[in-house]
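Engineer: Residue numbers (UniProt numbering), protein chains in the order written: chain R, 1 to 310; chain F, 1 to 334.
Since the hints were derived computationally from the structure, they do not count as laboratory data.
The model shown is predicted, which means the values in this text are computed figures rather than measured ones.
There may be inaccurate statements among the hints.
[As the list claims (entries may be wrong)] Derived Cβ-Cβ restraints for the label pairs, each shown as a range: (1) Leu-310/F / Ile-103/R: 51 to 61 Å; (2) Ile-7/F / Leu-166/R: 18 to 28 Å; (3) Leu-196/R / Lys-201/F: 23 to 33 Å; (4) Ala-269/F / Ile-289/R: 30 to 40 Å; (5) Trp-300/R / Arg-66/F: 27 to 37 Å; (6) Tyr-285/R / Ala-269/F: 25 to 35 Å; (7) Gln-297/F / Leu-304/R: 50 to 60 Å.
Where is the CB? At the ideal position from N, CA and C, for every residue including glycine.
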Amino acid sequence: MLLQERIYSLTLTIVLVSVGAAIAFPQTFPTFGNLSQVLLNLSIDTIVAVGMMLLLISGVFDLSVGSVVAFSGGIAAYVMIVLGWPVPLALLAALLGAGLVGIINGYLIAYQGINPMIQTLAMMGIVRGGALLISGTGIQNLPYWFNAIGQAKLLGLQMPVWYMLLTVAVFAFLGNRSVFFRRYYYIGGNERAADLSGIRVQRMKLYGFLITSLLAGMAGILLASRLGTALPTAGRGLELRVITAVILGGASLSGGQGKIVGALLGALFMGLVSNVMILARVSGYWQEIILGLILISAIWGDMLLRRRAT
Amino acid sequence: MKSYLFITLLLLTSACELPQRNATQTDAIRTIEAGAETDGRPEEYVMVTTAVTMPMYVHHDQAAFRRWGKQRGVNVSILGPAEWDVPAQINTIEEVIGTRPSGLLINGTDPAIAPVINKAVAAGIPTVVYDSDIVNSKRHAFLGTDWYQIGQMQGEEMVRLIGGKGKIAYMGILGLANMEAGFQGLLDVVKKYPGIEVVGKYDDKANVEEAARITSDLLAAHPDLAGLCGFDSNSGPGIGLAVREAGKVGKVKITTVDWEPEHLQLVKAGVIQMLAGQKRELFTWYGAQFLYDMVHQTNRLTDQAGARGLTNVPATVNTGLLRITRENVDSFMK
């Protein structure tokens, strides 16, 4: 049954929510301004979610991504404003910083056997501390061309939306076509069997953390350039939002499941729900409760559909 | 193939729109005309904050805003993320602007929200900032307190309490612009006293347990610690808890911010010596009233009241601070 595939059931849900919102709020929901804003607001989370999906497919996750978002934006801002480096070098430095976090996570988890949750939880604190040391109260007045990366528009959509779509497209294509990315499914499905079949599991895990950190680094650069400020508090709570989006998009904490496009759909669904709640003036108290209920309902619904099928 | 690629690149380049040179400036500011902003829709004022569930915000800011709405007979809504998340607050403001509320009351959490405030102003929405000023924005008005003064007030009281000598430490949410200004105010006062040694600045993450843990560690490392200063709502209860558990009530002097019931109880019990309290109800009550006055153009300054750059409300209001000690705490307890 088609609806047993999370991608299709989630797409249907997104369509239903959109139609319902368009009927309930005809003046404010189905407008280019509102929908482009929704896409912009979910772009940072989605870019990180692509990496998280890759990790969850292989059966692990990374709690340090939110801190890496603040860290990379902070590095870029620091080297531009304090050290006076040009924009391209600042981008490189930010990505190197983010990549280093990924390599440390990957090495200690894959080669030294530290539990991923403990390792990335510890790294979350370390990197957040680093971001606070670098950015202080936040670094403002970033160079024009750096801000242009996140503030320019193409066809009326702000650039982070295009970077998000490009990231999803590239990783979805590679996830379907390349042997390299297919290996993550084997690792997530049965790590021991993958190892016996000749897949270098440790190295693949290290690459997974590296890719995820690099994507979080890219998201951090985009957030800082969009805001025109590097905030040390940026990305707080992002890790759980992203994991929620990825689980909604079809991943499983036990690994071996999920598609990259699911990361986009999960984030899109959460973005739409959040937008509808803002349009309906639902208080922030309820937003968390409603998102939690939606997550439980999605997983429960899935289980019921599968049980019925078997 | 190459020509297709060239044409595609050309089209994309021509469809690309770069941001304005000064991103915090907006060239088009729509004028505010009486009654024009509601367009026949029910009059609605929206507050956007972050950490919308924080008890201090709920009991003071939001309660006063709701009371104001009820008294005025207009709709009020309170939106924003449940946790402290400035980018999420920005996203919420962006989405609210599209719904064109009558007025926007924004918690000035960080200078990074300036561009979105400017966007609201450019869209012709009366916009008032409260709590901490966003000086680099084009907000119509600001009501709040000067966090540097909060730090100074704590510093002066601490100097008095410890007799100008001894070890002190302070804590709050590191990295927040307003709190860092408060830290600076404290340091600028205590640096005049060479007998005072500042042994540390700590991030309690607005968490009572974390503030208590930091305090316990500090008391273990510095048994002669003379005083502690707190800068977020949860600093005081956390510091108080640890000082109590260590049996050092009265020996370690405590000054902190806010006056929630638990803070007042700690003052009454002699655990906390002084609270630097904000008049938060005034931020949102008068902030909302300013919005109303802008929308209805009460107190027109000229016949062209909606003219560019003219607002009919005070640009900046410092609501002042409350000094709460054991002597006057009873008058604040309900």
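Engineer: Each hint needs a verdict: does it hold in this structure or not?
Structural biologist: Cross-check of the supplied hints:
1. Leu-310/F / Ile-103/R: 51 to 61 Å: Taking Cβ atoms as reference, Leu-310/F and Ile-103/R lie about 57 Å apart, which means the hint holds.
2. Ile-7/F / Leu-166/R: 18 to 28 Å: Cβ of Ile-7/F to Cβ of Leu-166/R: about 20 Å, so the range 18 to 28 Å holds.
3. Leu-196/R / Lys-201/F: 23 to 33 Å: violated, 53 Å
4. Ala-269/F / Ile-289/R: 30 to 40 Å: holds, 35 Å
5. Trp-300/R / Arg-66/F: 27 to 37 Å: holds, 36 Å
6. Tyr-285/R / Ala-269/F: 25 to 35 Å: holds, 31 Å
7. Gln-297/F / Leu-304/R: 50 to 60 Å: Holds, at about 58 Å.
This entry does not satisfy hint 3, going by the numbered hints stated previously; all others are met.
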